[in-house]
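Each protein sequence line maps, in turn, to chains A and B. Letter 18 of the first sequence, counting from 1, is numbered 1157 in the numbering used here, and no numbers are missing. Letter 39 of the second sequence, counting from 1, is numbered 45 in the numbering used here, and no numbers are missing.
FYI, nobody ran anything at the bench for these hints, they're computed from the structure. Every residue, glycine too, gets a C-beta built ideally from N, C-alpha and C. Take the hints with a grain of salt, since some may be wrong.
[Claimed, not checked] If you anchor each label on the Cβ, the simulated ranges turn out as follows: (1) A:Asn1156 <-> B:Glu31: 51 to 59 Å; (2) A:Gly1210 <-> B:Thr21: 37 to 45 Å; (3) A:Gly1157 <-> B:Asn86: 30 to 38 Å; (4) B:Lys138 <-> A:Lys1208: 36 to 44 Å; (5) B:Leu10 <-> A:Thr1152: 20 to 28 Å; (6) A:Asp1231 <-> B:Gly111: 17 to 25 Å.
[Unchecked claim] Residues from chain A that keep clear of chain B, each with C-beta distances beyond 10 Å, as calculated: (7) Thr1150; (8) Asn1189; (9) Ser1192.
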Amino acid sequence: MNIKRTKSNDTLTVVINGRIDTATAPDFEANVKPYIDGVAHLILDFKDVNYVSSAGLRVLLSLHKIMMKQGDMKLVNVGEAVVDVFEVTGFDEILDYECC
Amino acid sequence: MKQLTVEAAVENIETVTAFVAEELEKLNCPMKAETQITIAIDELFGNIARYAYYPEIGQATVRFDVEKNPLAVIITFIDNGIPFNPLDRAEPDTHASAEDRQIGGLGIYLVKKTMNLVEYEYKDGQNILKIKKNLA
């Protein structure tokens, strides 16, 4: 997994490359969570995320809860395989995301 | 039938995925089904890796079978760890708000929704969890 963070004023954009599963979810969390202090807009670019398992959903939910208190969180360029997982689990009703 | 026995460790999820992917490719498995199977492996083998033998270490076997007419694959996860039926879990409320959302049970729910069959059996000291995915 590769993670690239770019901060501009109160917006943090995170580009994730790889899958977010049991093995990589801790990495994903460790590379995003400590950096959202004072961030009002968190943008997660999912262009290069192949799939997400429940371990990834857990991190997304946790980030979402924090961001709802201090601003907002949006996933962009979400691929079909990830959208399928969101729809099956009802995460499509929770997360704000844009398909590619 | 093909099978692979490895240490039940998170690091081996990838080994299991590669083993299954190689078999799926021989069957020209559609991309979507392969992704769903990959996620199922992450959920099920991941569970075994984290809980079956904790805090000890043990082995797990993954068996791959093909059914013809109609084409389907059956993947069986076998471990000798503590008896655990993941299908016993109550289904998560997938319409709960973010605040009330429980993350436990979501993985197995995802597997149940994307596979055509999920079966659990405890036999001769083994947890045997079988998933079936139709490819035709």
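Next on the checklist: Name the hints, by number, that the structure is in violation of.
Outcome noted: Going through the list in order, the structure violates hints 1, 5, 8 and 9 and respects the others.
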